[in-house]
Amino acid sequence: MPATLIAGTELTLIGATRRGARRYRSVVADIHHDRIVLDTGSHEVLPTSGSSASFLHQGRVYDCSVVRGHGTTVTVSRPDDLDAADQRNSRRVATSLPASVRRSLLRGDVHAAQVADLSLGGTRLVTEDAGYTAGDELDLRMGSIAVLATVRHVMPHEHHRLCVLGMAFAPLGDDQRWHLLETLGSLRAGIHRWR
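So that you can map any letter, position 19 of the sequence shown is 19 in our numbering, and since no number is skipped, the others follow by simple counting.
Treat the hints as calculated values from the structure; they're not laboratory data. Every residue gets a Cβ at the ideal spot worked out from N, C-alpha and C, and that includes glycine. Incorrect hints may have been included.
Label pairs and their computed distance ranges (CB to CB) [unchecked claim]:
hint, residue 1, residue 2, range
1, Q58, G135, 13 to 23 Å
2, H70, P171, 18 to 28 Å
3, H43, D175, 15 to 25 Å
4, H157, R23, 18 to 28 Å
5, R193, A170, 23 to 33 Å
When you get a sec, could you build the whole thing from the sequences and use the hints?
Here you go:
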């Protein structure tokens, strides 16, 4: 039976650089059907694109190849004998970054918001209670990142004029995904700012 990998899993990646083989303590940041994005947490020399690599997970060594290395992240091919849990493919990271939100199609006022946690799949944010309900589509701006998101749930906040929104992002473009990956890498390294 294949081992299962979920976002947030810590593992050791062994990859080849121009200076020889290196080990990287990594966290699974994102999972796709054909590749896995790992966050090394630092701007070290990353494995060379196209090179062979392997990673250790649950006592087993999995062979893969390096698709891309950029910033703090390394994208590797996904081994055939490794399953990924589908319920949450992206690890959430706590933060307090500013954002703004408004109903989609430019309906309604723009409200300031604070991102409480963030992942590639969605966010939880605190904003003014404007009568949001589950299923509402909102335009969300986080730094230079603009995404469409659907409200999954609304929770009351301790301050009666505020609410907490659990939101799922619509499918992301390559630029949006890259900016979010860079931001998540910075957050895990303790740098709280939008990239």
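Structure-based check of each hint:
1. The beta-carbon spacing between Q58 and G135, approximately 38 Å, falls outside the hinted interval of 13 to 23 Å.
2. Distance hint for H70 and P171: a CB-CB separation of about 21 Å, consistent with the stated range 18 to 28 Å.
3. Under the hint 15 to 25 Å, the C-beta atoms of H43 and D175, about 21 Å apart, fit the expected range.
4. About 43 Å separates the C-beta atoms of H157 and R23, a value inconsistent with the hinted range of 18 to 28 Å.
5. Separated by about 24 Å at the C-beta atoms, R193 and A170 satisfy the suggested range of 23 to 33 Å.
The structure does not agree with the numbered hints 1 and 4 stated previously, though it agrees with the rest.
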